[in-house]
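Peer 1: Sequence:
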Amino acid sequence: MEILASQFRAARALLGKDQENVAAWVKVDRREISQLEAAKYKLFSSDAEDLKKAFERNGIEFLAATGALGAGVRWRKPGQKDRFRGAQFRAARAMANQSMRDLQTLSGVNRNFVTRLETGQIGGLNLETIKKLEQAFARLNIELIAESENWGAGVRWTVPDPFIKPAASEHQ
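Take 819 as the starting number for the sequence shown in the working numbering and just add one per residue.
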């Protein structure tokens, strides 16, 4: 369920919606969305299935984990307006469940810049700054999926299950 929870967070972030908005889509309380996004449920509920379908109706495609890559989300169709990839960076941060302060610490990029980027309030980008953000997400096992002719941009885990902790070394 943790993979799906991260996908729900990323899908909502990609769309730029708050929990109240998506709760209204499926006629549940905002707290239900919060609990789904926090992986508070052990079972996949009918509300979770309804939420997944609502995201799909709003243009989001859920990507299943493959042998080598983890689950993710992306726009079903190319051509979404995301000039500086702010929605994509917002989705990556949501997928990794990172605050802006966490991302600032990890990337060295000022969180005020991240706020302006994610809300589309910047006029231009420094490519070094974007590279720092991309590298930070790579360290978190998040891939930023580029738009293609057939689908839109998105995010996914670079490992099949990022929540499995590596086994402790026997030689400690």
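I should point out that these hints are in silico values taken from the structure, not numbers from a laboratory. Please note that a few of the clues may not be correct.
Listed below are the simulated EDC-like cross-link pairs for lysine to aspartate or glutamate, each with C-alpha atoms no more than 20 Å apart in a straight line [what the hints assert, rightly or not]:
| hint | residue 1 | residue 2 |
| --- | --- | --- |
| 1 | Lys871 | Asp900 |
| 2 | Lys871 | Glu967 |
| 3 | Lys899 | Asp847 |
| 4 | Lys845 | Glu874 |
| 5 | Lys895 | Glu965 |
| 6 | Lys899 | Glu967 |
Peer 1: Next, verify each hint and record whether it holds.
Peer 2: To see whether the hints hold, each was checked on the structure:
Proximity of Lys871 to Asp900 is assessed by CA-CA distance (about 23 Å); at most 20 Å being required, the pair is judged violated. About 24 Å separates the Cα atoms of Lys871 and Glu967, which puts this hinted pair outside 20 Å; it is violated. A threshold of 20 Å between alpha carbons decides the hint, and for Lys899 with Asp847 the separation of about 30 Å lies outside it, so the pair is violated. Of the pairs offered as hints, the one joining Lys845 and Glu874 holds, with about 16 Å between alpha carbons and a cut-off of 20 Å not exceeded.
As the CA atoms of Lys895 and Glu965 are separated by approximately 9 Å, the hinted pair is consistent with the 20 Å bound. Taking the CA atoms of Lys899 and Glu967, the gap is about 15 Å. The hint holds against a cut of 20 Å.
Of the numbered hints listed earlier, those contradicted by the structure are 1, 2 and 3.
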